[in-house]
Every structure is written in C-alpha cells, then in structure tokens.
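Q: Fit chains B and C with the ligands to the given chain A structure using the hints.
Residue numbers (our numbering), protein chains in the order written: chain A, 1 to 531; chain B, 532 to 825; chain C, 826 to 1090.
It should be emphasised that the hints constitute simulated quantities derived from the structure, not laboratory data. Any given hint could be a false lead.
Capping the alpha-carbon separation at 16 Å, the derived lysine to aspartate or glutamate pairs in EDC-like fashion look like this [what the hints assert, rightly or not]:
| id | chain 1 | residue 1 | chain 2 | residue 2 |
| --- | --- | --- | --- | --- |
| 1 | C | LYS984 | C | ASP916 |
| 2 | C | LYS984 | C | ASP1056 |
| 3 | C | LYS985 | C | ASP921 |
| 4 | C | LYS984 | C | ASP1023 |
| 5 | C | LYS985 | C | GLU1024 |
| 6 | A | LYS345 | C | ASP883 |
| 7 | C | LYS887 | A | ASP287 |
| 8 | A | LYS197 | C | ASP883 |
| 9 | B | LYS544 | A | GLU525 |
| 10 | C | LYS985 | C | ASP916 |
| 11 | B | LYS790 | B | GLU605 |
| 12 | B | LYS544 | B | ASP611 |
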Amino acid sequence: MAHAHTHDAAHDHHDDHGPAKGIGRWLFATNHKDIGTMYMLFSLLMFFIGGAMALVIRAELFQPGMQLVDPMFFNQMTTMHALIMIFGAVMPAFVGLANWMIPLQVGAPDMALPRMNNFSFWILPFAFTMLLGTLFVPGGGPAGGWTMYPPLSQQLGDGFPMLIFAVHLMGASSIMGAINVIVTIMNMRAPGMSLLKMPIFVWTWLITAYLLIAVMPVLAGAVTMLLTDHYFGTTFFEAAGGGDPVMFQHIFWFFGHPEVYIMILPAFGIVSEIIPTFSRKPLFGYDAMVYATASIAFLSFIVWAHHMFTVGMPLAGQMFFMLATMLIAVPTGVKVFNWTATMFKGSISFEPPMLFAISFLFLFTIGGFSGLMLAIVPADFQYHDTYFVVAHFHYVLVPGAVFSLMAAAYYWLPKWTGHMYNMKLAKAHFWLSTIFVNVLFFPQHFLGLAGMPRRIPDYSTQFADWNMISSIGAFGFGLSQLLFAYIVFACIRGGEKATDKVWDSGRPHGLEWTLSSPPPYHSFETAPEVK
Amino acid sequence: MAHATTTHAPSEKYYVPHSSPWPLVGSVSLFLTVGGAAMWLNHSNAGPWVMTIGFAILLFMFAGWFGAVIRESEGRLYNDAVDRSFRMGMMWFIFSEVMFFAAFFGALWYARNFSVPWLGGEGTRALTKILRGDNYEAAWPTDGPGDVGGDFDVIPAFGLPAINTAILLTSGVTITIAHHAIKSGSRGVLNVFLGLTIALGFLFVYLQGMEYVEAYQHYNLKLTSGIYGSTFFMLTGFHGFHVTMGAIMLLVIWFRCLKGHFTPTHHFAFEGVAWYWHFVDVVWLGLFVFVYWL
Amino acid sequence: AWELNMPVGVTELSRDIHGLHMLIFWICVLIAIAVFGMMIYSIVKFRHSQGAVPANFDHSTKAEIVWTIIPVAILVGMAIPAAATLVKIEDTRDSDMTVKVTGYQWKWQYEYLDQDVSFFSTLARDSDHARQLDSGVDPNSVENYLLEVDNPLVVPVGKKVRVLLTSHDVIHAWWVPAFGMKKDAIPGFVNELWFRADEPGIYRGQCAELCGRDHAFMPVVVNVLPQQEYDSWLAQQKGGEQAAPAAASAQTVENAAPATAAAAE
Ligand code: HEA
Ligand code: HEA
Ligand code: CUA
Ligand SMILES: [Cu+2]
Chain A
1 MAHAHTHDAA HDHHDDHGPA KGIGRWLFAT NHKDIGTMYM LFSLLMFFIG
51 GAMALVIRAE LFQPGMQLVD PMFFNQMTTM HALIMIFGAV MPAFVGLANW
101 MIPLQVGAPD MALPRMNNFS FWILPFAFTM LLGTLFVPGG GPAGGWTMYP
151 PLSQQLGDGF PMLIFAVHLM GASSIMGAIN VIVTIMNMRA PGMSLLKMPI
201 FVWTWLITAY LLIAVMPVLA GAVTMLLTDH YFGTTFFEAA GGGDPVMFQH
251 IFWFFGHPEV YIMILPAFGI VSEIIPTFSR KPLFGYDAMV YATASIAFLS
301 FIVWAHHMFT VGMPLAGQMF FMLATMLIAV PTGVKVFNWT ATMFKGSISF
351 EPPMLFAISF LFLFTIGGFS GLMLAIVPAD FQYHDTYFVV AHFHYVLVPG
401 AVFSLMAAAY YWLPKWTGHM YNMKLAKAHF WLSTIFVNVL FFPQHFLGLA
451 GMPRRIPDYS TQFADWNMIS SIGAFGFGLS QLLFAYIVFA CIRGGEKATD
501 KVWDSGRPHG LEWTLSSPPP YHSFETAPEV K
Chain B
532 MAHATTTHAP SEKYYVPHSS PWPLVGSVSL FLTVGGAAMW LNHSNAGPWV
582 MTIGFAILLF MFAGWFGAVI RESEGRLYND AVDRSFRMGM MWFIFSEVMF
632 FAAFFGALWY ARNFSVPWLG GEGTRALTKI LRGDNYEAAW PTDGPGDVGG
682 DFDVIPAFGL PAINTAILLT SGVTITIAHH AIKSGSRGVL NVFLGLTIAL
732 GFLFVYLQGM EYVEAYQHYN LKLTSGIYGS TFFMLTGFHG FHVTMGAIML
782 LVIWFRCLKG HFTPTHHFAF EGVAWYWHFV DVVWLGLFVF VYWL
Chain C
826 AWELNMPVGV TELSRDIHGL HMLIFWICVL IAIAVFGMMI YSIVKFRHSQ
876 GAVPANFDHS TKAEIVWTII PVAILVGMAI PAAATLVKIE DTRDSDMTVK
926 VTGYQWKWQY EYLDQDVSFF STLARDSDHA RQLDSGVDPN SVENYLLEVD
976 NPLVVPVGKK VRVLLTSHDV IHAWWVPAFG MKKDAIPGFV NELWFRADEP
1026 GIYRGQCAEL CGRDHAFMPV VVNVLPQQEY DSWLAQQKGG EQAAPAAASA
1076 QTVENAAPAT AAAAE
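Isolated chain A, as found in the complex (with noise of 0.2 Å):
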C-alpha cells in the first residue's frame, strides 16, 4: 500500500501487516485485540491475587480466635481484596471484553481511539503496583474498609497518599476506557447498524460506559478531599470545622452504587448474548432489555443512601432512598423474566457458557432478593454491616460478574484464539464452582442473621460452624479456578481448529461470527453491511 504522503507519520499507516515483532507488540499496542488480551490477563492476574487475599481472610475466620494475623493485617487483606477484585479483576475484564467484542460485534476497524486504548491499559499495572506497595511501606496497606469512611481511614500511614493516588490513576484508567468504548459505539458502527440493531452486549457497556464517565470523577474527587483532609488542613469531613463524615459517605457512595451497577450491567449483556445462542431462540423482549437496562443505570443514580441507612439521616431521606431502591428490582425483573422467556420453549444445550449463564441466573436472583432485603430499612437496621451484606454482595459479584465473565471466556475464547477449548474439564470447573460458591457464600446469610459483623477477624464462638462449612468452600471454590486457568491457556497453546460460527446451535447472531477463527488481525477492514 504505497502513499504519496511524505510525512514521517505516514509510513505505519494502515499496513495490512500483523502484529509488530517482540515485546513491543505489547508495551506499544494500538490493537483492539491485544489491548483486550493484556487487559484480561492482568484481570486473571488480580483476581489470583485478591483471591489469595480472600483465602487469608477465610483461613482466619476457619475457627474462633486468632490463628494466623494479627487484626491489622486482617483489615488490610479484607480492605484490599476488595479494591483488587472491583478495581483490578472484575472491571478490567470487562474492559478487556469491550476492547475484543465491541469493534467485532459492531463492525470497526478497531476502537476509535486506538493511543489512547493502550494509555487506559498501561496505567493500571502501575496504579497496582502503587496500591499494592501499600502493604509493605510503614503503617501498611489500607486497612479501612474498600469504602475508606474517615475519620478512619486517616488513621494510615505512609500507604495513605498512596492508595489515593493509585484510586486516581485507575479513575483515569476507567474514564479513558469508558470514553473510547461510547465513540467506538456512537461513530464506528457498521452501516446499517441502528442503535436498536446492536448486540445487546454492545448496549450494555455503552450505558454502562455512561455511568462510569458519570461516577469515576466523583471518586476521584472524594478521594482528593480526603488527601486535602489529611495533609493540607480542610475540614470537609470533620464536625469542628463545619464539615461532617457522613458526607464523605454520601460522596463515596454516589459513587459506589452505580459502581456495582458497573460491575452487573456487562454481565447482563453476556448472559443475553449465550442464552439466545444455546437456547436456539431470539433474545425475548430485545427493546425491553435494552429500556430495562437504561432504567436500571438512572435508578442506580438516586439510590445511594441505601448503603447508609444507619447513619440518621432524616426520615424522608430514609423513606426516598428506600423506595427508589425497591424500584430498581422492576427492571431487573423484566431482564430476569425476558431470560427465562428466551429459555422457554427453546432448544436447550448446555455448553460451559450456557451452563455459566444458568448458574448466573438462579444465583444472581437469589443475591437480588437479598439485596431486596436490605433494601427495606427497618430490616437493613438488623441486617446492616452483618455477614448477610457480604453474603449479598457476593452472590451478585461472584456468581454473578464473575461467573458471567466464566462465561463470557467459555464463549468467545475458540472466536480469539482459533482453538476449541477442553469441554470436559470446563464442565468439571463449572460444577466445581457452582457448588463450591455456594457452599462458601450460603451460609454466610445465616452468620449474618445470627448477628455476626463483618469486618472482624474473630468471633465469638456461636458463629463457628457455618463460618468453619464457608472457609472450606472458599478453599474448594479458590482451587477450582487453578483448572480455569489452565483451560484457559491450554486453549491459547494449541487445541483442536475452531470453525468460524464455533457454535453449531445455529444461532450465534452478530458480526463477530462473520469473520474467521481467530479474526483478522484488524478487524474489519471494511466496514460489513447491515441488513
């Protein structure tokens, strides 16, 4: 492809060549594709890490009394395996999912902003290693909570400027990713392709993308009061200049709602893409899905006081937020409903990724009726900061964005790699996590009914049994992903050729079936027309 350019920026203008050679390929990526695969794989990376945290805490709530830490490092595990599965495995995978699928799925080259694709990658290893250095400077790592409420979270040592610092530059990451996600969807589309033609996947990252640009910088500025409270003597969050802590929470969590609705809604649209495929049937109530999910994303808007009913606000505030949240299980229902619906009288298989979005459907439910729950303040007065909230939210997060991302990788990894994967041992993973999440989550409704707090590395010894049951399923359910990452890089080695459809259901819809196994290296070329 000769130029007539003379310029020096002219000669690595679209050449049909593949990848550059070496580790440039990566450090200097611009390619949808390989920013993608780096994105997944340092989720994977994270989630073995805060996974790992998760076993620490887990081992020392096996019994009553203090076995293994000291309640310090208790804390800096519980407050760190937070941040690293919300910050570093769930979102970066859905990210990493955006990059791969949303150029394929709606007909582009690439995504709009190819430079600035990469930027939004290669900050997150550094903002890690920032969060993660935490733990070994002195004073430790943050020790409270992911939530960081002052006054206690300026108890920290020199970790303090740290962990803020390492907040904004993976909100930098966030908002970047979220801004080349909505202009690839609104400016790159195939021809043809209307808004309420896309893959319902592509709709649910782009409002997803929405919230984040909407809430990161919220975060952002949160974190940046708290700097200034610490250091440069504001007194935003403390009564005896004016301020109130209560307002760092309510800062926090206009954030943090619609956080967890980041972390759901690409979920949403995975399940929507598998269930359709290996059900033989079109997604049921298309337009629905998508009005559902806009619903959902303005409800999670004016909901956040939920998170605070303890904290005495007045009791119309009480009442407004307690409505408005009991509100969002309507939309949630219809996309529950409209699932089912796609299911109903189909023609069932049961592949490892529909197998995931099963398991994603009845556990996702169950931790929406707990959520329901807390929902209702005089009961959240009960429920509030007990195990029955961990429960809760692991039931939408674990089983729910994680098992979905299970999915997602059992769906389209033989489209990336051009290898069928080993459907036996995704089979056994998928039991094993199916019964060990449970085995692991469940009975922490009853420990927190029961009255146990979270947060506290020893309890009195009523709580032993379901604690000890919970710790053996963390353990089984810890180990059983070891198999899923094997099966994930023994199917990027090699495997049997898959074809370009990979699913012989017939119906996998969407452009990205239209290109070859493992696609081009720039997707589509020329842009696919749109019937």
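A: Chains B and C with the ligands in isolation, oriented as in the chain A frame:
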C-alpha cells in the same frame, strides 16, 4: 482502498496508528509524578525530585503524543470519522470534568444545607449542639464550631470576582469571534481574537492569584478556614488550575494558527479547546453564584 | 451452633422488624419458586438432546407489561408495612430515661444524663487474653467469648430508653440484635435511637462499624433489670465513683425533640 493521491484530501479509511510509545511513556510519567508526590507527602527528600522528573516526562509525552497527532492531521490521514471520534471524545472528557466539579459543588451544598445547620442545632441531628453545649450558630460562611483557622472575612462577590466574571465572559465572546473567523477563513481576525482570549485567560489567572494573596494576607481566609475555606479554595483552586490548563491549550492552538494550521472545515483541535474554554467559563459562573455571591 | 435465622428479640421494634424480615423473606421465596420453577421447567423440558424444536417468538408487549406491573404491586405491599415500622422507629419522644453512649477506639462510654453516673465498658479480661494471637487458650473454654464486658450498660425493664450516640474518634456503631436497633456513633454529631426491653436479661451485641484494629473486640452488653434492682444499682453507682457531669441534662434533651420525631407524626 486506494488513498487519494494528493496530500491534502483526507484519507478514506479510519486511521488506526500502528503502534505508539507515548501511552507507555505517559503511564510511567504519571506513576513517577504521583509516586514522587506520595514520597514527598511522606517526607522523603527524593520526593520532589521524582515528582519533577515524572512531570518532565509527562510534558515530553504530551509534546510527543500531540506532535504525532498534529503531524498525522496535517498529513490528512484523518477522515471525517476520525474527526468525529475526537469531537465525541473531547465532549465526554469535558463531561467527566463536570462530574469532578460536581463532587465539590456537592460538598458545598451538603455543608450549607445539612452539616452546618445540624451543628448549629437544627434538623435531624439537633441534639448535636445541645450535647456539645456551646453557642455556635449555624450561618454561612462559617469555620465550624471549632472556629478552625480563626476568624476570617470573605472576598466580596462584587469586587475582584465580578471583574473576573466579566473577563471570562468577554473571553468567551472573543473565542467565539475567533471561531467564526476560522470558519470564514479570516486568519488575521482569528489570530488577533485568539490572542486576546489568551491574554484574558492569563489576566484572569493573575487576578485570581492576587485574590488569593489578598485572602491570605488581609482576610485571614485560608484553605484551613474550616469548611468555608475548604470549599472556597478547593473549588476556586481547581477552577483556576483548569483555566491555566485551558490557557496553555489556547496558546498551543494559537501557535498552530500562526503556523497556518487548520482549515475552515478542518479544525477539531481549535474547537476542542474552545469547548474546554466554554466549560471553564460555565464552571466559573457556578462558582461566582454559589461560592462568592449566595 | 447452626442457627439459620434472625432471632426474634425482646422489644416491640425488634419483633416488628423480625415480622418484616419474615414477610419479605417469604415473598422472595414465593417469587423464587415461580421464577426458578419456570427456569427449571424450561431447562428440563426443552432440551436439545431430547430433540426439542425451538419456537421462534421473540417478544410480547403484553407479557412485558404484566411482569412490570405485578412486581410493582408486590413492592408496594412490602413498602407500606416497612414505612409504618420506620416511622415508629424514628419516634424517640416521650422516653423515660436517656443514656449517652460514646464510642472510643476500642470501648464504649455510658453516661446517664441527670444521674451523674458514667463509666467505660471494655472487653472482659478473659476474652481479651484468649483473643491474642497464639494465646493458646481455646475460645470455647471462655464463657461468652468476645461478648462479655467489664461494665455492662444497665437499664430498667419496660422503660423507653433513649440512647444518644456519638464518638470520640472514628465512626462506631452501637448494636444489640435483641433490641433490633443499630446506629452509627459519629464524631462531632449526635444520633439517637430508642428501645424498650420487655424482659429482664443480659443482651449482647457488638460494634458494627469498622473502627480499626480492635473493631471485633468492643462488644455491647446491656443488663436489663427489674425496676427495683435497677434503682438500687443506680443508687450504688452514685454512691461509688465520682462521675463527670454530662454536658446536657435529660430534660433539655427531651425538650429538643428533633425534626425526625416531628416528621414522624
Ligand atoms: C454487582 C453488584 C451488585 C448488584 C447487582 C446489587 C444489587 C442490589 N443491591 Fe447491593 N450491594 C453490592 C453489590 C450489588 N448489589 C455491594 C458490593 C454492596 C456492599 C458494599 C459494601 O458495603 O461494602 C451492596 C450492598 C447493598 C445494600 C446496603 C446494605 C447495607 O450495607 O446495609 C443494599 C440496601 O439496599 C443493597 C441493595 C441492592 C438491591 C435492591 C439490588 C437490586 O439491584 C437487586 C435486584 C434484583 C432482584 C430483586 C432479583 C430479580 C428480580 C425478580 C425476579 C423480579 C421480582 C422480584 C421482586 C418483585 C422482589 N445492596
Ligand atoms: C468482585 C468482587 C469480589 C470478588 C470476586 C470476591 C471474591 C471472594 N470474596 Fe470478597 N469482598 C468483596 C468483593 C469481592 N469478593 C468486597 C467489595 C468486600 C468488602 C470489603 C470490605 O468490607 O471493605 C469483600 C469482602 C469479603 C469478605 C468479608 C471480609 C470481612 O468482612 O472482613 C470475605 C470473607 O469471607 C470475602 C471472601 C471472598 C472469597 C472467598 C472470594 C472468592 O470468590 C475468591 C476466589 C478466588 C480465589 C481464591 C483465587 C484462587 C487462587 C488460588 C487458589 C491460588 C492461591 C495463590 C497464591 C497463594 C499465590 N470477601
Ligand atoms: Cu467500634 Cu467497630
Ligand atoms: Cu447500592
């Protein structure tokens, strides 16, 4: 697939750069900058140095990255789709900035409507004052029941701040004139009015600096003056920082105009900066009303 | 112990809350049976391996409307009793006595307004010894491990006790499950809650807001006594130690019924 043969017809294909070192350089520089800042806050002597090095690399990165983009743009590698991507990207970036300011405006709103009245014995947490047992009255401005930072005066809205408002609003007009000029190809007008905008921008920053000196020296109004000082300086400070950034961006664009970049139809960089400028303008109006005036 | 559910508690509020909890729980169970039933039916009935032939319908506005309206109706049904209970909870007026509770890292201070009685309440010695890393003490050998204090809060049975909560350092939360109430103790602000225990007894709870290293080790113990025993306990306390006078009297506090209570009318 064939590209147009002249250098000045835009490419048909969506331009995807092949590879670029700048994002990685940027990540390293950010890491060093904030890492250095963290070291500094932790009283390490190396902190300021690390931060300076990081910041220098950051500037280098900006120059390199934007330099590459400018070369590609002037090389007409960008088609309309790329141009649209840049526009949308800029718009959503500005929206994220709006939300950043929203956090601080939210803090101001919460303090004035909730925490300060409660501390003064009103509303849901009225008992706070009774148990504290002092005679603190809820009022605004305030530095709280602890009289944090000591008595202070506030900058009157209709002094310097009003002048600054006029300056920024005027600069909004001058940049619009410049925008019309670029569209109609009147480069002389463009250069003059863009230059004027920059001058007004820096004048604003200068006056804001004067105001801070005044506040610290004569009003005893400091960052540490309780919640009033906190919200006042954080809001005006971040705004002033954004104006400075905007003015520097305008300056870069101005040099590009002087070099003859941009065409009446192809001038995203100019528009992006202009939008940014309007954004700092609008934030200022919010500040003027809610921080200085009401 | 293998407890599965929330205990009922000994106050009206805790019983209301428990009722509410069971109500929403059973509603969720019913919905779950319907939804999961449908899913399981589809999964079993429409199996590809059994030769199921897929239908091709893909939407139904009527269905969407139905499954939007029905949940809304169910939610309204839950919200009404919840709101009623909430109003009751927030009404702290007409209390019989007031205790000020202050959280410290890591103990509680109890001050009886107008009574000149005030003391600290910390984790019992044997628990504190056993909970040290590698103490070698089996927690099962310690009675009420982690749920025992040196000086419990003592209140009379059947009286409306108003608790004013604040903190000396970071945020704590005062919680006694049997009373159904939990509220944050926030430095610089005062929160309130109330309870009226129906039966004498010792009720145990814990700090319920992460407050640092020993968050797990600042239990709340309330000893509810018959009126007479309470009176003699109080007299003994007054005779005994010299207590710092609390800043406000119960009377001023009672007169300043905050807006929450007013809104509750
Ligand atoms: C992916 C993450 C995710 C998701 C999707 C949700 C979903 C929901 N969450 Fe959850 N939540 C968290 C993550 C999440 N949450 C986290 C991380 C925390 C703790 C943070 C911390 O403190 O550290 C938390 C805490 C939390 C609290 C605070 C508890 C406390 O601290 O005291 C509350 C209270 O209202 C709540 C409510 C809800 C509700 C109502 C939903 C709803 O969206 C659920 C809706 C779904 C359904 C209801 C099921 C399907 C619906 C039907 C089948 C229709 C019919 C149903 C009915 C009519 C009932 N959540
Ligand atoms: C997406 C988010 C996410 C995910 C995926 C998880 C996953 C898990 N979580 Fe966590 N968790 C949170 C988000 C998440 N969590 C949040 C937000 C909190 C609240 C924090 C707070 O209070 O501030 C929390 C808190 C929390 C607690 C409460 C702590 C406390 O209150 O003190 C517990 C306790 O059981 C727990 C357990 C687990 C377990 C066992 C898993 C498992 O699913 C993990 C499984 C994975 C593995 C186990 C990795 C496998 C690795 C290996 C087997 C190899 C080991 C490797 C080496 C040793 C090198 N989590
Ligand atoms: Cu005090 Cu937790
Ligand atoms: Cu929430």
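Q: Compare the structure with the hints numbered earlier in the document and write down the numbers of the violated ones, lowest to highest.
A: The structure breaks none of the hints.
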